[in-house]
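*Asks:* Okay, here's what each chain looks like letter by letter:
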Amino acid sequence: DIQMTQSPSFLSASVGDRVTINCKASQNINKYLDWYQQKLGEAPKLLIYNTNSLHTGIPSRFSGSGSGTDFTLTISSLQPEDVATYFCLQHNSGWTFGGGTKLELK
Amino acid sequence: EVQLVESGGGLVQPGRSLKLSCAASGFTFSNYYMAWVRQAPKKGLEWVATISTSGSRTYYPDSVKGRFTISRDNAKSSLYLQMNSLKSEDTATYYCARDDGYEGWFAYWGQGTLVTVSS
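Listed in order, the protein sequences are those of chains A and B.
Residue numbering for the first sequence follows this note's numbering, starting at 1 and increasing by one per position.
Residue numbering for the second sequence follows this note's numbering, starting at 107 and increasing by one per position.
If you are wondering where the hints come from, they were derived from the structure by calculation, not from laboratory data.
Be aware that a few hints might be false.
Calculated lysine-lysine pairs in the PhoX-like style (CA-CA distance at most 25 Å, straight line) [said to hold, decoys possible]:
| no. | chain 1 | residue 1 | chain 2 | residue 2 |
| --- | --- | --- | --- | --- |
| 1 | A | Lys45 | A | Lys31 |
| 2 | B | Lys148 | A | Lys24 |
| 3 | B | Lys171 | B | Lys148 |
| 4 | A | Lys102 | B | Lys149 |
| 5 | B | Lys171 | A | Lys102 |
Reference listing, derived: stretches of chain B covered by chain A, where coverage requires no fewer than 3 residues with Cβ under 8 Å from a Cβ of chain A [unchecked claim]:
| no. | region |
| --- | --- |
| 6 | 121 to 127 |
| 7 | 202 to 212 |
From chain B, some residues computed to sit far from chain A (all C-beta separations above 12 Å) [stated by the list, open to error]:
| no. | residue |
| --- | --- |
| 8 | Ser113 |
| 9 | Gln145 |
| 10 | Thr156 |
| 11 | Gln217 |
Even glycine gets a Cβ: it sits at the ideal position worked out from N, Cα and C.
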């Protein structure tokens with residue numbers, strides 16, 4: 001089974017900061033890595049699929065990069081509405097989520 | 107507008123069964139793989155099951171294989187999850203999700219239904 005290690009678990013940043021969240025797969029998952037945002041009390045929402053494709057309606061300040069085993073979600077300029085927990089998901093072989101990154105405002 | 111509405115959650119005793127439903131609207135249900143994902147209280151997300159467009163292929167992680175069964179009724183635009191031999195560790199909010207990549211990403215999610223397994 002593929003394991004997904006997400007880092008950091010917690011992140012505190014200021015409005016306007018550039019924020020990066022990482023996900024590492026235990027084996028090669030090609031480009032099959034997605035990012036989800038979950039606000040408190042809500043269902044998860046897709047941000048990016050297949051490493052770097054932006055889902056419909058998602059602001060362009062969100063972007064993804066990586067390949068193979070190492071992937072990154074970047075928020076270019078943090079906004080107050082971005083406070084949430086972020087999860088990565090691999091779907092190269094079955095489906096495995098990362099443990100999550102809780103993003104707070106400093 | 108894509109809508110997914112789960113129902114059927116509740117309190118159930120360990121060892122008993124429960125069936126969840128997900129009503130889909132706003133898209134051609136029969137064209138998409140569908141999935142269930144769960145989230146234990148204050149915990150992360152765990153994929154539970156996926157089903158192909160016709161229902162001929164189903165996929166499960168080891169944690170639920172043999173106990174849970176995913177199914178669909180394309181005529182009713184509905185997805186189901188039959189959960190048997192429930193354990194306390196199955197306590198979670200269960201989300202229905204649309205798979206947009208044929209064994210790919212989960213593009214749309216329902217609001218979830220809470221299942222509590224406790225005596």
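*Asks:* Compare the structure with each hint and give your call.
*Replies:* Verification of the supplied hints:
1. A/Lys45 to A/Lys31: 19 Å, holds
2. B/Lys148 to A/Lys24: 23 Å, holds
3. B/Lys171 to B/Lys148: 24 Å, holds
4. A/Lys102 to B/Lys149: 12 Å, holds
5. B/Lys171 to A/Lys102: 30 Å, violated
6. 121 to 127: Contact hint for the region 121 to 127 of chain B vs chain A: violated, 0 residues under 8 Å.
7. 202 to 212: With 6 residues close enough to chain A, the hint holds.
8. Ser113: 15 Å, holds
9. Gln145: The claim breaks: B/Gln145 does not keep its Cβ more than 12 Å from every Cβ of chain A (closest is about 8 Å).
10. Thr156: 7 Å, violated
11. Gln217: 5 Å, violated
When held up to the earlier numbered hints, the structure conflicts with 5, 6, 9, 10 and 11 and fits the remainder.
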